[in-house]
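> Each chain, letter by letter, is given below.
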Amino acid sequence: MKIIRKRRDIHHGDRYFYFLLKGLASGLPLLLFLIAAFLLKASWPTINEFGAAFLFTQDWDPVGEHFGVLAFAFGTIVSSLIAIAIGAPLSIFTALFLTELASSRVAKVAGFLVEMLAAIPSVVYGLWGIFVLAPILRIHVEPFLGKTLGFLPLFQGPPYGVGMLAAGIVLAIMIIPTITSVSREVFRSVPQSYREAAMALGATRWEVMRIAVLKTGSTGILGAVILGLGRALGETMAVTMVIGNRADISASLFSPAQTMSSVIANEYAEATSATHVAALLEIGLVLFLLTFIVNSLARVFVWRASLGRSAR
Amino acid sequence: MNTTELRETLLDVRNLHASFGGIAALHGISLSVIANSVTAIIGPSGCGKSTFIRCLNRLHEEVPGATTQGEVWLDGQDILSADVDPVTLRRKIGMVFQKPNPFPAMSIYENVVAGLTLAGVRRRSVLNEVVEKTLNLAALWDEVKDKLHHPGSSLSGGQQQRLCIARALAIEPRVLLMDEPTSALDPISTARIEELIGELKREVTIVIVTHNMQQAARISDKTGFFLLGELVEFTDTSVLFTAPKDPRTERYITGRFG
Chain A
1 MKIIRKRRDI
11 HHGDRYFYFL
21 LKGLASGLPL
31 LLFLIAAFLL
41 KASWPTINEF
51 GAAFLFTQDW
61 DPVGEHFGVL
71 AFAFGTIVSS
81 LIAIAIGAPL
91 SIFTALFLTE
101 LASSRVAKVA
111 GFLVEMLAAI
121 PSVVYGLWGI
131 FVLAPILRIH
141 VEPFLGKTLG
151 FLPLFQGPPY
161 GVGMLAAGIV
171 LAIMIIPTIT
181 SVSREVFRSV
191 PQSYREAAMA
201 LGATRWEVMR
211 IAVLKTGSTG
221 ILGAVILGLG
231 RALGETMAVT
241 MVIGNRADIS
251 ASLFSPAQTM
261 SSVIANEYAE
271 ATSATHVAAL
281 LEIGLVLFLL
291 TFIVNSLARV
301 FVWRASLGRS
311 AR
Chain B
1 MNTTELRETL
11 LDVRNLHASF
21 GGIAALHGIS
31 LSVIANSVTA
41 IIGPSGCGKS
51 TFIRCLNRLH
61 EEVPGATTQG
71 EVWLDGQDIL
81 SADVDPVTLR
91 RKIGMVFQKP
101 NPFPAMSIYE
111 NVVAGLTLAG
121 VRRRSVLNEV
131 VEKTLNLAAL
141 WDEVKDKLHH
151 PGSSLSGGQQ
161 QRLCIARALA
171 IEPRVLLMDE
181 PTSALDPIST
191 ARIEELIGEL
201 KREVTIVIVT
211 HNMQQAARIS
221 DKTGFFLLGE
231 LVEFTDTSVL
241 FTAPKDPRTE
251 RYITGRFG
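Line by line, the protein sequences are chains A and B. Under the working numbering, think of the first position of the first sequence as 1, with each following residue one higher. Under the working numbering, think of the first position of the second sequence as 1, with each following residue one higher.
Every clue listed holds true.
Straight-line distance between alpha carbons at most 27 Å, and here's what the computed DSSO-like set of lysine-lysine pairs gives:
#, chain 1, residue 1, chain 2, residue 2
1, A, Lys-215, B, Lys-92
2, B, Lys-145, A, Lys-215
3, B, Lys-133, B, Lys-147
4, B, Lys-99, A, Lys-215
5, A, Lys-215, B, Lys-147
If you want a taste of the chain B side facing chain A, the calculated C-beta under 10 Å gives, among others:
#, residue
6, Arg-54
7, Asn-57
8, Leu-59
9, Gly-94
10, Phe-97
11, Lys-99
12, Pro-104
13, Thr-117
14, Ala-119
15, Ala-168
16, Ala-170
17, Leu-177
A few chain B positions that, by computed beta-carbon distances, are all more than 10 Å from chain A:
#, residue
18, Ser-45
19, Asp-78
20, Trp-141
Hints listed in this document are in silico derivations from the structure and should not be mistaken for laboratory results. Every residue gets a Cβ at the ideal spot worked out from N, C-alpha and C, and that includes glycine.
Here chain A stands alone, though its shape is the one from the complex (with noise of 0.2 Å):
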């Protein structure tokens, strides 16, 4: 009897156990939901006082009540893509070194160290852009490129240093590491037979390279860099430090400019009217519903290639 009654007490145990993990494992969607409720009802005066013109203009006056959020949406959005120009095919070809050409133990130092990029505190980022990299274009890169391609919108201005290119650079790099490990995992997963049926075709290394492993990999590759542009979308410290924080729409890549994110970190403590705040909330709705679509689309695209690999 004892031990009938000793078993059934584990058997409740586990019983509690199944619930606690289920409250969890449920809690956490919810709190997706609830975070998303909840930028919705507080914004929801600026929705209603602007409507899509939100959208699409970009005055941000405070004092005379007049929010936009277009400016912003250009800052976030150009200063991810200069990152993934920059980082994608960096990310990449390293990637690509580590899984094909490296020796395996030259791959795992070299894998450890990239992915310790992520580890670097995003503030740390900053002060580095701040002090090292903002310095480096203002007295080298930009002149430079205003010389030999300042026939180009992209490189006019006066070098400022703080920008939309030290944004990019720094965002660049930030990504690398996500780019660089999904990738790995992407070509890891192409099976050998690929390769040595390019070989067998009179492929050299890199052809094998191009035609057994980045083209099979390419959906997969595609969902990296979709990953990495999720991150840099919604990067906020080290952006907010070096580009500048002006609310402008300029074609050089020189000028400063300010992200969704930056003027949140910058405007949320000194935002005393309840329309400046609606404004901000907003601005971080618009955010939040962004790197949701572009993180999902790059789950979408990593899970198919793995899926269409499986499959065969």
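Fit chain B to the given chain A structure using the hints.
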């Protein structure tokens, strides 16, 4: 039997040794492959038969820690020598693998011309011609001619394997190596590929590894029996399967081991 004896030797393997990471896989293999014939390599798993044909297009040496010694003569040249570029060599010696492996991100058309585009052939008219010709050779044209731009992976396993055969033939190799090409296929697809091999030998010299003795007996002119990295016996297929000289061959073909 006499007719094959009269034909010229295309591929002459002399004292071939191979190893993986210090472990010997082939011990001094010597055999001659006759032009426009089918040579079958049989033997139990792990006997070195795959390693053997992977030495012939130098794919073996791509595995880390693998070594090859000996000579393989093709067109008056030792293709294992250091001054032969394996990349160039592999355009002369094509290969079909155990598992059908058309490139998944490429269409049927792109798969067939993959080797040609690597070799720098870009002219559409040339490529179109090669696609039709080689898919016909691989007995796949009628089945795919209306969907050349569908992905190669949309085909059935047997069709995929014939696509891989077409892909290998498109660069007009002298020799076609086949590493258990039907072991992943159903009996009907297998029969189609066997039939195809019989027709292809007019175009190309075939060396095929198979674990299926009936297959070797059905399709090959000469058969080599490998055991533990040694070539036990190599002779006309009809002789090997009816009057083997070596008792080990006899035991294997009568199904007493392996």
